[in-house]
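When you get a sec, could you build the whole thing from the sequences and use the hints?
Just so you know, the protein sequences line up as chains A and B, in that order. Mapping of the first sequence onto numbering that gives the first Met the number 0: position 102 corresponds to residue 101, and the numbering continues sequentially without gaps. Mapping of the second sequence onto numbering that gives the first Met the number 0: position 57 corresponds to residue 56, and the numbering continues sequentially without gaps.
No incorrect hints appear here.
Quick list of simulated restraints, FRET-style, between CB atoms: (1) B/Arg69 - A/Gln115: 45 to 51 angstroms; (2) A/Gln90 - B/Arg122: 35 to 41 angstroms; (3) A/Gln105 - B/Ala125: 36 to 42 angstroms; (4) A/Glu132 - B/Glu71: 53 to 59 angstroms; (5) A/Arg37 - B/Asn87: 55 to 61 angstroms; (6) A/Gln115 - B/Val110: 29 to 35 angstroms; (7) B/Ala95 - A/Phe44: 58 to 64 angstroms; (8) B/Asp89 - A/Ser139: 37 to 43 angstroms; (9) A/Gly169 - B/Thr117: 40 to 46 angstroms; (10) B/Arg88 - A/Arg52: 46 to 52 angstroms; (11) A/Gln90 - B/Leu41: 23 to 29 angstroms.
Which residues of chain A face chain B? A partial, calculated answer using Cβ under 7 angstroms: (12) Ala89; (13) Ala92; (14) Leu96; (15) Ala145; (16) Val148; (17) Gln151; (18) Ser152; (19) Asp155; (20) Leu156; (21) Gly158; (22) Gln159.
Worth flagging that the hints you see were computed from the coordinates, not collected in a lab. Backbone N, C-alpha and C define an ideal beta-carbon position, used for all residues, glycine too.
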Amino acid sequence: MNLSSPLAIDDTLPTELRDLLNSPDGPAFEQALDVMVRQREQRLFRALGQLARDLHDAVRRLGGELTQEGVPGIVADARQHLQDALEMSAQAAHRSLDFAERMRPQAESLTRNAGQVLEWTNGNDAAAVLAREAVAFAGSCRDGLADMVLAQSWQDLTGQRIKKVASFIGTVESSLLELVRLTGALAGSEAPASAVKVSSQEDADRLLSEFGF
Amino acid sequence: MKILVVDDFSTMRRIVRNLLVELGFSNPLIQEADDGENALVLLRSQPFDLVVTDWNMPNMTGIDLLRAIRAEDSLKGLPVLMVTAENNRDQIIAAAQAGVNGYIVKPFTAVTLKEKLTKIFERIAASGVSA
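Here it is in structure tokens:
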């Protein structure tokens with residue numbers, strides 16, 4: 000639909016309008032102009048009406064899908080899933096940290112004991128060889144455990160993102176409820192505060208028809 | 000040396016504690032708080048030598064904690080090391096302007112933590128201000 004065709008002032012003007020412009024009859028001119036303006040307004044109203052119907056339909060469809068559980072229910076579930084993921088990942092990370100904290104003193108004690116063995120031996124016998132190996136092994140264990148501890152920071156980094164998503168879901172929830180409330184108002188019925196329940200198409204059609212759509 | 004570790008994630012507090020112990024700090028002298036508000040309560044109730052704090056936390060963020068520390072006479076000289084996933088330029092500048100002593104971007108290594116801590120204590124020793 001083209002609502003903004005430029006007003007031509009030459010002979011591309013409709014004959015009706017050209018005649019009118021040349022007419023010396025003032026009241027007839029104004030009356031004819033009013034008719035034309037009204038016709039244009041009708042086209043605009045029809046376009047707006049169509050838009051309102053489409054919007055209403057879209058929200059009604061969305062509402063229909065959501066009413067099965069209700070927006071708050073769906074959102075609460077989504078939040079709970081995220082919270083579960085957060086807690087499970089924290090538990091998993093803590094288990095790894097438990098392990099590291101349990102093993103570190105054992106590695107330290109192995110280093111100490113092997114050191115004592117090295118003091119008692121002449122440094123060349125089998126015990127000394129084994130003790131040196133034990134010291135090296137305990138050292139690499141401690142390094143590995145420290146790396147593993149640090150690697151658990153993935154839980155913090157992913158957890159922060161999960162929290163951001165949870166907060167975003169809250170924003171979507173309030174926007175969705177606001178949209179449903181507004182379209183409920185458009186349809187002339189009071190939208191419920193918490194549950195999604197949009198008015199019927201008949202209600203919307205009746206209201207729109209009152210505005211000449 | 001008494002150290003306060005501030006982070007809303009218990010895993011991260013434990014990780015920082017582990018690394019500090021690994022670097023030779025005494026485990027029983029390390030305390031924890033889960034946000035800036037609780038950290039301030041602890042800081043006002045007993046003396047600490049260092050605060051290691053996250054940025055993103057509920058109730059009171061790390062940057063607000065830092066500003067609160069610098070605004071309070073009894074705490075303003077306390078060294079604060081930020082350990083955070085926030086790595087955009089504006090936030091690092093904001094932390095510097097608020098008087099942070101060190102800034103570590105997560106994920107980090109034990110070597111980075113050691114370097115920053117060493118630098119903090121060297122500067123404090125050089126300036127002759129006791130923490």
